[in-house]
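The chain contents come next:
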Amino acid sequence: MLELRELPGDVLGVRFSAMASPCELLLGRVESDLALQLGSLAAAEAQRIEQKFSRYRADSVLGWIHRRRGSALQVDEETALLLDFAQQCFELSDGLFDITSGPLRRVWQFDGSDRVPAPQAVAQLLPCIGFQKLSWKSPWLCVPPDMEIDFGGIGKEYAVDRAYDLLLARCPVPFLINFGGDLRVSRPLPHGPWKVAIERPDSARKAAMMLEVEYGALATSGDSHRFLFKDGIRYGHILDPRTGWPVPDAPRSVTVAASSCTEAGLLSTLAVLKGKGAADFLQQQQVRSWVLR
Amino acid sequence: MQLEPTIGNLRSKLIAASCALLGGAPVARAETHDVVDTINRALTDWQLDAALAYYHENGRIQAVEPVINAEHDLADGGQLDFDFTFDALSGSSPNGALTSRQVQTFASPSAKSFAQARHMYTVSSGNLPVDPNYSDARVAGGASWTLPLSRLTRARLGGKFSYEDDFYSATVSVGLERDLNDKNTTVSFSVNSENDFLQPIGGAPTPLSDYTQFEKGGHETKHGVGVLAGVTQVMSRNWITLANVSVDRFSGYLNDPYKIVSVIDAVGSPFGYVYENRPDSRTRRSVYWENRVGWSQGSVTADARYMTDSWGIHSETAQVHLRWWLPGRDQYLEPSARWYRQNAADFFRPWLADTAAVPSDVSSDFRLAAFDALTYGLKYGCKLTDHLGRFGRELSEFNIRLEYYEQSLRGNPAGPPASSGLDLYPKLQAFLLQIGFSY
Chain D
1 MLELRELPGD VLGVRFSAMA SPCELLLGRV ESDLALQLGS LAAAEAQRIE QKFSRYRADS
61 VLGWIHRRRG SALQVDEETA LLLDFAQQCF ELSDGLFDIT SGPLRRVWQF DGSDRVPAPQ
121 AVAQLLPCIG FQKLSWKSPW LCVPPDMEID FGGIGKEYAV DRAYDLLLAR CPVPFLINFG
181 GDLRVSRPLP HGPWKVAIER PDSARKAAMM LEVEYGALAT SGDSHRFLFK DGIRYGHILD
241 PRTGWPVPDA PRSVTVAASS CTEAGLLSTL AVLKGKGAAD FLQQQQVRSW VLR
Chain X
1 MQLEPTIGNL RSKLIAASCA LLGGAPVARA ETHDVVDTIN RALTDWQLDA ALAYYHENGR
61 IQAVEPVINA EHDLADGGQL DFDFTFDALS GSSPNGALTS RQVQTFASPS AKSFAQARHM
121 YTVSSGNLPV DPNYSDARVA GGASWTLPLS RLTRARLGGK FSYEDDFYSA TVSVGLERDL
181 NDKNTTVSFS VNSENDFLQP IGGAPTPLSD YTQFEKGGHE TKHGVGVLAG VTQVMSRNWI
241 TLANVSVDRF SGYLNDPYKI VSVIDAVGSP FGYVYENRPD SRTRRSVYWE NRVGWSQGSV
301 TADARYMTDS WGIHSETAQV HLRWWLPGRD QYLEPSARWY RQNAADFFRP WLADTAAVPS
361 DVSSDFRLAA FDALTYGLKY GCKLTDHLGR FGRELSEFNI RLEYYEQSLR GNPAGPPASS
421 GLDLYPKLQA FLLQIGFSY
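Going down the list, the protein sequences come from chains D and X. For the first sequence, the numbering used here begins at 1 and goes up steadily by one. For the second sequence, the numbering used here begins at 1 and goes up steadily by one.
A few of these clues could be false.
Claimed, not checked - Computed footprint of chain D on chain X, listed as stretches where at least three residues anywhere in the stretch have a Cβ under 8 Å from a Cβ of chain D: (1) 12-18; (2) 225-238.
What the hints assert, rightly or not - Taking lysine-lysine and the DSS-like style, the derived pairs with C-alpha atoms no more than 30 Å apart in a straight line are: (3) 276/D - 13/X; (4) 216/X - 112/X; (5) 133/D - 276/D; (6) 379/X - 137/D; (7) 379/X - 133/D; (8) 427/X - 379/X; (9) 13/X - 137/D; (10) 383/X - 133/D; (11) 183/X - 137/D; (12) 379/X - 160/X; (13) 222/X - 160/X; (14) 133/D - 183/X; (15) 133/D - 13/X; (16) 383/X - 137/D; (17) 112/X - 222/X.
Said to hold, decoys possible - Far from chain X, some chain D residues (derived; all Cβ distances over 10 Å): (18) 8; (19) 17; (20) 24; (21) 55; (22) 84; (23) 136; (24) 145; (25) 181; (26) 190; (27) 197; (28) 210; (29) 215.
No lab work stands behind these hints, which were simulated from the structure alone. No residue lacks a Cβ here, since even glycine has one placed at the ideal position from N, Cα and C.
Next up, chain X with everything else stripped away, as it sits in the complex (with noise of 0.2 Å):
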């Protein structure tokens, strides 16, 4: 028995090699070799990913987005990211008051009067009260840079924007990224800022005013730092973990000047409205823990924040992705589940005695609110026909994504008097679908 090769079966196997690589197909010369460089420049490393999705709430705000991102990498190693959002909100958007026996009337928010606005909504007895008309129209896009230092350091600039009808806002980032321990861990922090500015259809309302008086004028604004630090380690050949924190703090105007608050009486019938009231400053901390973890047949991406802030709220979030590829590589399909959890602000009233002083600081939007919120996902991607990229074909892929939300308050919030067999909380349902290309 044999157990070296046997001789010069290396060798033979090695000579079929040689032959196969260099009797191999005709190689591109240097002629023609510049014809494709000179074809393939225009295309050089740019990544597209375009996507256009479609929300919608159970009876409520319905919405169209399209998204568009650009990559770009430099000769020097550096990297241009550009991205691109346009939304289109219409439906009804709850205005804060809480569900009753009564009609309820209320004019939209850019009446000065109830004698002279244009537009007056009423609900129903029963249902929660939503403002019809609402629409919003958003743009937004951002564009970093990242540049290599060193050959271990980076630096990030970056730069947002947002501009609706009532609403601009600005935001500047920077940020330092250096690798260590032979680029198994790499180090980042960075600072950013944000300044916006409000102009409220109709004005900003006077908080804690009746709303009948419409005490409405002028603008607002609000300015945010904050700062992030992380660490991303690679632990092992297929599994990378990442975690951050971050401090972040607001000030200026915080409410939301379209959310009012019900003022009810002995009987439980409404007995007015004044504008909510938020503190003007808010200071957020969170940890966040992301591991991904791949093999052959897929990977999970697995990650986990909690955050708490100076409202008195704190939350809780859990997410895990699957991505699972089909036979063959070129499908996969990628089912996700995301929890969260969260105490209500200190400040959340889902409604107002009129017996009572009213506090100087109440809000009755459901955001604030003690609420758990479940998210199912499924996303399926191909690979589509490939595309000519630097030195040959690259896969562009499509997909299709379909979530499902639900929230619902927890801890149900004592009712006013008389309440009983109102749904005064009622559930919140939304489906998303995202139809998705990248090149």
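Chain D extracted, bound-state conformation (with noise of 0.2 Å):
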């Protein structure tokens, strides 16, 4: 369902919704006709992607791996690049990011409540977490029977890139596209960058972040809503795949603006699993970024 709305400043905007989140394709001047195209272009990739890598879907990518799991499978390019690039952002992060500590969901659910699991719980599930478990050299895959991969942690972003692609040939003005707060420009409008609200996390829309981009692209991780609190703790949402446990001290949100949405969701998911070390880590990589606490 594509939903067309005028802006002020001579933008159009195209609604749909996507990947559990609200999406949205902003356009300059352009002819209706024209933009719900391309809105639906951009709809429909976000749409095959997560139909594609969805962990729900017994016709997804990863349910038939799942369901083979054991055997050794040739996975089609796009699995293999995404696999390849998950690999990299294993080693690159000395496990940090992790795509295999999917299991981890079974005793963590973030509801608010006060349920933390118990320690032996959490440490029973080590075993089965870890990239380095899985025999991965493209494009060839087995995933060991106990184990999980989920691409959830780079999937809205990688999408939001996939449509970039496929608008920037066929989009004849400046756009942005943003799947569910993460999002990428083209270029300025005619008069001046493009004005995005960031919210904040623990305050909804009250006291949205204003900022301003020109070039590339903005991405958020954060716990905003999803947590535990017990005995004056705070566990946040991020868990550290290689302990099992919550990062200790993670901000709340950090949004990091950087050439692909890709690269800065990445660097956004990564400063928030380094806890108290985000923003040393986000200046060290000499990125724009705003760290929330």
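Assembly of the complex is requested from the two constituent chains, each provided in isolation within its own frame, with the hints serving as guidance.
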């Protein structure tokens, strides 16, 4: 379902829903027919990626891979590229970013309650976590029987970049593509940069942070609404896959500007995983970033 | 000395990684994806295994057996399983009589009398009496449906049939499985019921009747019920253990209609033969324990079973398979060994003396004797050219398996008078060659 709306400053918006998030394509002055056409292209790409990589759907690549655990599979090119990327991120982050951390969800349910799992329950899961335990040599993948993989940590940002590539060749005017807060712009509007509101996680829409973007991408990671609270300790939903426990002192939200949404997303995720060291880490990487604690 | 990565080092690598991901080969767009979808749907998640086995016993039976197994994953997480087997057996089968110095002559099972028998066979001195015209063809198939009832519970419904010239069998089973403990533990419970119909060639003989009187006729039935409870536990990333206990009970006609027992006189000559008779019910209890341990270069499966039954038999089995992947992980060698030991059924008698009364239950079938069996096997498998699966290519596998089986009677049951020097209980040796392909 596409919804067209006119915004101030000669901007057209096409809204749709994908990846369990509100999504929107914003465009400079074009015919509304073209806007809808481009919007449906972006929506179709988001849905394609969602369907293909969903861990909930039996007919997704992940459904297939999980049913065939234990045997060697030759995955398609796109899945192979994502696995390569996930492997490099795993290695670059010394295991902080890990697409095999899914089993931890079985014991951690971030519903705002005080149900913090027993240490033994967490420890029991650690043997089935760790990218290095997968057998992966592009294009051959073998997932051990008790492991899972999940592209949730990069899927949305990857979809933004893919949709961006599709539109770049077809859209005659500047555009901004936004999937649930992760976004990328092609170039500034004729009258200036894009103005983007980033939600403050703690107080939803009251005090949005306004950013101006001319080129590149923004991605935000954080634990706004997902946490557990017990004995005065807030357990955020960012889990360290090496320990199975939430990262202590994780910032509530980190927004990073980078050239692609995938890169921005990874940097913001890694920054949150660094906990107390988030700001130092971002400074070292020489990226523009906004850390909210 | 700088311990932290240099400034922006991680970022520059990340940029390179992102570029590889995003600038990579063209991605299937929505339009082409649909096409691939349609082509693949026909192949979706069918897994086929086919094998052809050749079995040969020393001087006895040989069998050729094609086996086909198909598995189909359903979109709701369920699974369908089908298998189909065809056996063609031919050769010689022991008829139960004891080896003698004398020439022994028998009629084939279809005979109604010696005078009118179409086939007779003669066993020369010192040889185990076997019916040389033994042949049988068997068609068997089965299907099972596993259906998820909830995220953690599955039901399994199954059916099997088997058809031979003289034997029909049908089995149904119902089972439940439940995952516990974050899916690290699975418990299962199943019940099954089997109904068999026997129509022996020439008719079912009257148990314990004199072989030369040809008291035969009619058909027989047997019925079995069984329950099985099991638990599978993931012990660690590399180790799975499973255990089950089962009890089953068969009742009805449990004899082998073609087996006779020699009645020997005081000087060691065959005085006559009687048809065997077994108790008309049998209850078996067994426990089974299996462990699978895997590592990057291979895996080991080791299992043990203990069985005891109301016929006085108890048996122990131990088996180990070692799968070892050759460098490159596309070929493997799998040596295996199996050890089996059982003691004799209470009513096992290799022969009867003509001076003693015939017991109410008696059989000379070597399968009910005390024996040891050893099986050695070696399997080689290699991954073949890939084929199109749902989202990419999957490997097919070719494998070849060779097994050697040796069974020898234990305890050396006493022979009749004047039988020294005769090989009364010859060793059984068999080999099996199987060629398989899984797709």
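Comparing the hints with the structure gives:
no.: 1; hint: 12-18; in the structure: holds (count 5)
no.: 2; hint: 225-238; in the structure: holds (count 3)
no.: 3; hint: 276/D - 13/X; in the structure: holds, 23 Å
no.: 4; hint: 216/X - 112/X; in the structure: holds, 8 Å
no.: 5; hint: 133/D - 276/D; in the structure: holds, 29 Å
no.: 6; hint: 379/X - 137/D; in the structure: holds, 26 Å
no.: 7; hint: 379/X - 133/D; in the structure: holds, 27 Å
no.: 8; hint: 427/X - 379/X; in the structure: holds, 25 Å
no.: 9; hint: 13/X - 137/D; in the structure: holds, 20 Å
no.: 10; hint: 383/X - 133/D; in the structure: holds, 22 Å
no.: 11; hint: 183/X - 137/D; in the structure: holds, 28 Å
no.: 12; hint: 379/X - 160/X; in the structure: holds, 28 Å
no.: 13; hint: 222/X - 160/X; in the structure: holds, 16 Å
no.: 14; hint: 133/D - 183/X; in the structure: holds, 19 Å
no.: 15; hint: 133/D - 13/X; in the structure: holds, 23 Å
no.: 16; hint: 383/X - 137/D; in the structure: holds, 16 Å
no.: 17; hint: 112/X - 222/X; in the structure: holds, 25 Å
no.: 18; hint: 8; in the structure: holds, 32 Å
no.: 19; hint: 17; in the structure: holds, 17 Å
no.: 20; hint: 24; in the structure: holds, 19 Å
no.: 21; hint: 55; in the structure: holds, 13 Å
no.: 22; hint: 84; in the structure: violated, 7 Å
no.: 23; hint: 136; in the structure: holds, 12 Å
no.: 24; hint: 145; in the structure: violated, 8 Å
no.: 25; hint: 181; in the structure: holds, 19 Å
no.: 26; hint: 190; in the structure: holds, 27 Å
no.: 27; hint: 197; in the structure: holds, 25 Å
no.: 28; hint: 210; in the structure: holds, 25 Å
no.: 29; hint: 215; in the structure: holds, 15 Å
Taken one by one, the earlier hints fail for this structure at numbers 22, 24, listed in ascending order.
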